[in-house]
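**Q** Now for the letters of each chain:
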Amino acid sequence: MGKLKATVAAKKFTGTRGQVRRKRIETSGALIIAALMVLWLGVNLIKAPTQFAQVTVLGLRNGLLYALIALGYTLVYGIIELINFAHGDLFMLGALFSSYFITIWFHQENSNLAGWLTFVAALFAAMLFCGTINVLIERLAYRKLRRAPKLAPLITAVGMSFLLQFVGIKWNGSTPRQWPTVIPHGEYVWFGVIISHVTIILILVAAPLLGSLTFVVNKTKQGKAMRATAQDQDAARLMGIDVNKTISFTFALGGALAGAAGLLYQQSIGTTNYNLGFQLGLIAFTSAVLGGIGSLNGAVLGALLIGIVQGLNDGLPIALGQKWSQSVVFTILILILVLKPAGLLGKVTTEKV
Amino acid sequence: MVAISSQRKWATGYLIAVAALFITYQFLFPWDGLPMGIYDTLQLWLPPTSVNEALVYVICALGLNIVVGYAGLLDLGYVAFWAIGGYCAGWFMSEFFHMINIHFYGSVAKAAPGIHVNFWGVLLIGGLVCAFFGVLIGAPTLRLKSDYLAIVTLGFGEIIPQIFYNGDDIGGFNLSNGTKGITILDPIPAGIKNIGPFDFGYKFIVFVFLAFVMIFISLRLRKGRLGRAWLAIREDELAASMMGVPLMQTKLAAYAVGAFAGGLGGVAFATHVDGVYAERFNFSISIFLLAMVVLGGMGNVWGVILGALLLSWINSTGLPAFGQTFNSRFETEINFPSFTFLLFGLVLILMMLYKREGLIPESRLRLILHEGDPEEDLSPKESK
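Residue numbers (the working numbering), protein chains in the order written: chain U, 1 to 353; chain W, 1 to 384.
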């Protein structure tokens, strides 16, 4: 008996020769990259341990912001398989809206009680604002193209991104704009590592948002409808799910997170620009792909990783430096897509071709 | 026969326009006897530089049309090829590498330092280098789903310009002169005359010739085995592979040919502005080109040319000129050039929503693009 089992195991089918070879290339490529990463990190850690911890904290902070944006990409991709290019620009509009809300409409420039109250109000207002815009975009542009060939909605999304950038130019002006912030500028020092108030506020706002999103998707009825629609729209419709409403709800969720990210970005960096969304959107998209697009936990994990890698690259003594930041992120993106298209936590989907 | 005569109509139309423009810019424009009113109107609404720039866009848009229109692969990083072509011109046609002295049928004095290759040779070099990069980026990524492919090309289109942007010190080596760019290229040798940066009329003919080469390549390839394979892949990858079309090779060929055109366009653009500047190669150019292809009609050569001429003219001349006239007439201060984002965004969205096949539709594509539209009548229209 045992012998028979052994022979069966030996002959187990692992794929065609091409697939096996490809898998081997992928594994060895991933190993080499991982080894190089470890070497790079190790050298830097020995050389400047405090700086290492410092940039890691900064990277994690940026990573949380990326996570909020990346979730929007991943939610939309998960449900209608569309890369929503306009999502980054939606985030930019969120940042602009928050700046206007706090500074121009409510005249808050200092961190006092009124400033804090406006901050909280701005958070909800920005989430509502971006959620509404995202729903409108879906309703006016993407819905009509849901059954069209894939090229059509993708090109529409690119056009939508340009449209939102135009709104950004008209709203913000074509040059970067500086804003006062209501978050206090103090900091704590912990073992030589500076942790600013901004970082703490960011964590305090972003973490509950991420948690509640997971709750909505996994525990509520609406979340169940979302998961069902993502699996099979037609079957979901047969089960009595209002597919259009569910998709709108998904866009609203993604937009709300982008709005929150916009507020947090504007309050922590203090500068807005019309093309902000393009850069950050791409970084966030990279995070979503790294974690496995369609997977919520993956998006958060990917975003934190990308944030840390970017922080390390920008701040460490032995690194390419900030001027190569974009290139580093995109190289990661290309490597991931080539070596492991499913991402770190994504499910492997087989294409028919 | 019917199709050929319609093609001939387009070709004759373009030829007449070319002849008229050449005469205007070469003889009429510099002529002293030209009334000032006509001169000013021309200078405002149709300056020679705008026509030449539009032709560069035509060359690139035709290349992108092969990738997007023929093979159905979305490329959002086409500007990378443009940049590589441009820097090929910068490297091989100027005094940039002044430490060496290489001449290859160049158009400048033998004593001049730097690499001086003949313009026509540089075209070939630029095209081939771009084709190489096209294959390089395509080979590992073409297995991906179409939308992932778009993202990878987008990333590529961001990395390449950044390399040139930061390229003044790569390990101590000055690759691209960074933000300062490479200026003053060699004139174009054209037998009787060397065409310098300000010979707009003759340069116009050179660019028309290049555009003509691209039209010829596009039309001939499309009729041939490769072109039919591209269309088959665009329409149904699975069916095409079942019928024995080698997917990878065919897609790679589309990438290579498209990138080659990008290289030609890059070299042409470099001679057009007489220099290469890293900050010019940004993402919007990729989108401009995509909008041109989409507006004119994906897959239709004549339509793409029309889209490229139209949008390029609006972007470089039409909007500013209209703005100037409008503002001086109504005494307003509206910044019209900033409306380009609105314009290009709207072109992409509205065309996709209401006229997916473009202004001059290609009948085959019309059917595919409207597949799945419930309200649309899918029966093939009578071909005119």
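One should not assume that every hint holds.
Derived lysine-lysine pairs resembling DSSO-like cross-links, with alpha carbons at most 30 Å apart [unchecked claim]:
1. W:K9 <-> W:K355
2. U:K224 <-> U:K150
3. U:K323 <-> W:K180
4. U:K150 <-> W:K355
5. U:K340 <-> W:K223
6. W:K180 <-> U:K150
7. U:K144 <-> W:K145
8. W:K145 <-> W:K193
9. U:K170 <-> U:K144
10. W:K355 <-> U:K245
11. W:K355 <-> U:K170
12. W:K145 <-> W:K9
13. U:K224 <-> W:K180
14. W:K145 <-> U:K245
15. U:K323 <-> U:K47
16. W:K355 <-> U:K144
17. U:K170 <-> U:K323
18. U:K245 <-> U:K219
19. W:K9 <-> U:K150
20. U:K23 <-> W:K145
21. U:K47 <-> U:K23
Pair by pair, the computed Cβ-Cβ distance ranges are [unchecked claim]:
22. W:E235 <-> U:Q19: 40 to 50 Å
23. U:T50 <-> W:E333: 51 to 61 Å
24. W:L350 <-> U:F215: 57 to 67 Å
25. U:T50 <-> W:T332: 56 to 66 Å
26. W:K355 <-> U:E187: 55 to 65 Å
27. U:L344 <-> W:F132: 49 to 59 Å
28. U:G211 <-> W:V213: 54 to 64 Å
29. W:F132 <-> U:N244: 29 to 39 Å
30. U:R139 <-> W:Q43: 37 to 47 Å
Which stretches of chain W does chain U cover? Using the computed rule of at least three CB atoms under 8 Å from a CB of chain U, they are [claimed, not checked]:
31. 218-231
32. 262-270
Bear in mind the hints are in silico, worked out from the structure with no lab data behind them. Ideal placement from N, C-alpha and C gives every residue a C-beta, glycine not left out.
**Q** A separate judgement is required for each hint: does it hold in the structure or not?
**A** Evaluation of the provided hints:
1. W:K9 <-> W:K355: holds, 23 Å
2. U:K224 <-> U:K150: Distance ~26 Å between K224 of chain U and K150 of chain U Cα, so the pair holds.
3. U:K323 <-> W:K180: holds, 16 Å
4. U:K150 <-> W:K355: OK: K150 of chain U and K355 of chain W at ~16 Å, within 30 Å.
5. U:K340 <-> W:K223: violated, 37 Å
6. W:K180 <-> U:K150: violated, 41 Å
7. U:K144 <-> W:K145: Satisfied, since the Cα-Cα distance of roughly 22 Å is no more than 30 Å.
8. W:K145 <-> W:K193: This hinted pair is violated, its Cα atoms lying about 50 Å apart.
9. U:K170 <-> U:K144: holds, 28 Å
10. W:K355 <-> U:K245: holds, 27 Å
11. W:K355 <-> U:K170: holds, 28 Å
12. W:K145 <-> W:K9: violated, 39 Å
13. U:K224 <-> W:K180: violated, 56 Å
14. W:K145 <-> U:K245: holds, 28 Å
15. U:K323 <-> U:K47: Measuring from Cα to Cα gives roughly 22 Å; hence the hint holds.
16. W:K355 <-> U:K144: holds, 13 Å
17. U:K170 <-> U:K323: OK: K170 of chain U and K323 of chain U at ~28 Å, within 30 Å.
18. U:K245 <-> U:K219: Holds, because 18 Å separates the two Cα atoms, which is no more than 30 Å.
19. W:K9 <-> U:K150: This hinted pair is violated, its Cα atoms lying about 34 Å apart.
20. U:K23 <-> W:K145: holds, 18 Å
21. U:K47 <-> U:K23: Not satisfied, since the Cα-Cα distance of roughly 36 Å exceeds 30 Å.
22. W:E235 <-> U:Q19: 40 to 50 Å: With Cβ atoms ~27 Å apart, the hint is violated.
23. U:T50 <-> W:E333: 51 to 61 Å: holds, 53 Å
24. W:L350 <-> U:F215: 57 to 67 Å: Violated: the Cβ-Cβ distance is about 39 Å, outside 57 to 67 Å.
25. U:T50 <-> W:T332: 56 to 66 Å: This hint holds: roughly 57 Å between Cβ atoms.
26. W:K355 <-> U:E187: 55 to 65 Å: Between K355 of chain W and E187 of chain U, where Cβ atoms are some 56 Å apart, the hint holds.
27. U:L344 <-> W:F132: 49 to 59 Å: Cβ of L344 of chain U to Cβ of F132 of chain W: about 32 Å, so the range 49 to 59 Å is violated.
28. U:G211 <-> W:V213: 54 to 64 Å: holds, 60 Å
29. W:F132 <-> U:N244: 29 to 39 Å: violated, 47 Å
30. U:R139 <-> W:Q43: 37 to 47 Å: For Q43 of chain W against R139 of chain U, whose Cβ atoms are near 46 Å apart, the range 37 to 47 Å holds.
31. 218-231: violated (count 0)
32. 262-270: violated (count 0)
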